[in-house]
Amino acid sequence: MIPLPSPQQLRYLLALAEHQHFGRAAQACAVTQSTLSAGILMLEHQLDAEILDRGIGKRVVFTALGRDLVERARMAMAALQDVVEAAVSAHAPMSGPLRLGIIPTISPFLLPRLMPQLRAAFPHLRLFLREDTTPRLIERLRDARLDVLVLALPCDCTRAEVLPVARDRFLVALPPGHLLATRTEVPAAALAAESLLLLEDGHCLRDQALAACGLLAAPDGEHEADFAATSLHTLVQMVAGGLGLTLLPELAVAGGVTAGADLVLRPLGGEGAWRTIGLAWREGASRGADYRALAPVIAAALSGGLPT
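Here the sequence shown stands for residues 194 to 501, numbered as in the numbering used here.
None of these hints come from the bench; they were simulated from the model.
One or more hints might be untrue.
Ranges of calculated distance between the beta carbons of each label pair, as one might list FRET restraints [unchecked claim]:
| no. | residue 1 | residue 2 | range |
| --- | --- | --- | --- |
| 1 | I249 | R352 | 42 to 52 Å |
| 2 | E378 | A488 | 27 to 37 Å |
| 3 | P347 | E237 | 55 to 65 Å |
| 4 | L234 | P460 | 20 to 30 Å |
| 5 | P489 | E324 | 31 to 41 Å |
| 6 | M308 | A385 | 37 to 47 Å |
| 7 | R329 | Q226 | 20 to 30 Å |
| 8 | A279 | R323 | 15 to 25 Å |
| 9 | A279 | M235 | 21 to 31 Å |
Because the structure is a prediction, the values reported are computed rather than measured.
Cβ coordinates follow ideal geometry from the N, Cα and C atoms, glycine included.
Could you build all of it, start to finish, from the sequences and the hints given here?
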């Protein structure tokens with residue numbers, strides 16, 4: 194009978210799949226590179242399976258079987274994490290460690306209001322935070338390295354339960370003197386001919402802004418961003434400098450992202466002129482009730498953060 198892989202071996206495998214480099218994977222697992230390499234080799238011998246293609250040189254290349262085992266390792270680690278979560282939840286709901294992932298276009302504007310409310314509502318909860326882009330957070334959720342996410346919907350959240358919490362309207366940020374600044378509301382169609390400044394690829398707000406403007410379906414890439422920024426603060430400064438327009442979530446505006454900038458804000462008109470902020474956690478997670486209990490606290494923080 195083949196011995197079962199240990200959780201540590203599966204962690205090594207998943208870290209190597211994520212980082213595609215033995216040294217970085219070892220660092221992520223807090224072990225030496227030789228320890229991680231030996232662990233992977235022992236796993237191959239134990240399973241009598243070739244996980245890595247070692248005939249390609251120094252690059253980390255998984256065999257077809259290796260890629261399949263990585264996906265199965267993800268599910269196995271998630272199941273093991275659920276065992277721990279079930280014990281924690283049975284002992285005392287909303288207590289113990291909780292690893293929360295949150296996207297950068299929400300994090301700095303929500304957390305200052307949310308953290309005091311969470312401490313007051315759940316004093317025995319120990320919250321560990323991870324800020325990252327949506328694809329990376331979802332990958333960490335699937336690998337059981339995060340428990341629950343705060344993100345903007347819709348998202349590619351397969352094998353996850355999703356709970357919408359609140360809408361976050363889009364505001365059009367314009368330089369002073371722009372013709373559209375004379376309107377009380379800017380129609381989405383009016384932005385098609387404008388120089389629209391966006392976040393770089395990887396930020397879900399980029400696609401959501403294009404969708405709100407009806408530009409995602411443009412044929413043959415007709416609409417191309419003139420500038421791609423890494424943060425909303427950078428976009429604000431570019432608009433204030435007269436280089437174009439952008440869409441800002443109302444939450445970010447209420448959180449002070451435009452403070453000190455010389456620009457004009459107008460609501461975006463039309464259907465879908467907002468993003469939805471929601472929660473996501475692994476499908477069937479034993480602490481699902483705990484994660485749902487976060488929703489009203491987050492909603493309260495959002496309502497306090499959004500101007501009426």
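Evaluated hints:
1. I249 with R352: 42 to 52 Å: Given about 31 Å between the Cβ atoms, the range is violated.
2. E378 with A488: 27 to 37 Å: 30 Å, holds
3. P347 with E237: 55 to 65 Å: Given range 55 to 65 Å: violated, Cβ gap about 39 Å.
4. L234 with P460: 20 to 30 Å: Between L234 and P460, where Cβ atoms are some 59 Å apart, the hint is violated.
5. P489 with E324: 31 to 41 Å: Since the Cβ atoms of P489 and E324 sit about 23 Å apart, the hinted range of 31 to 41 Å is violated.
6. M308 with A385: 37 to 47 Å: Because 40 Å falls inside the window, the suggested range holds.
7. R329 with Q226: 20 to 30 Å: 23 Å, holds
8. A279 with R323: 15 to 25 Å: 22 Å, holds
9. A279 with M235: 21 to 31 Å: Check passed, 30 Å falls within 21 to 31 Å.
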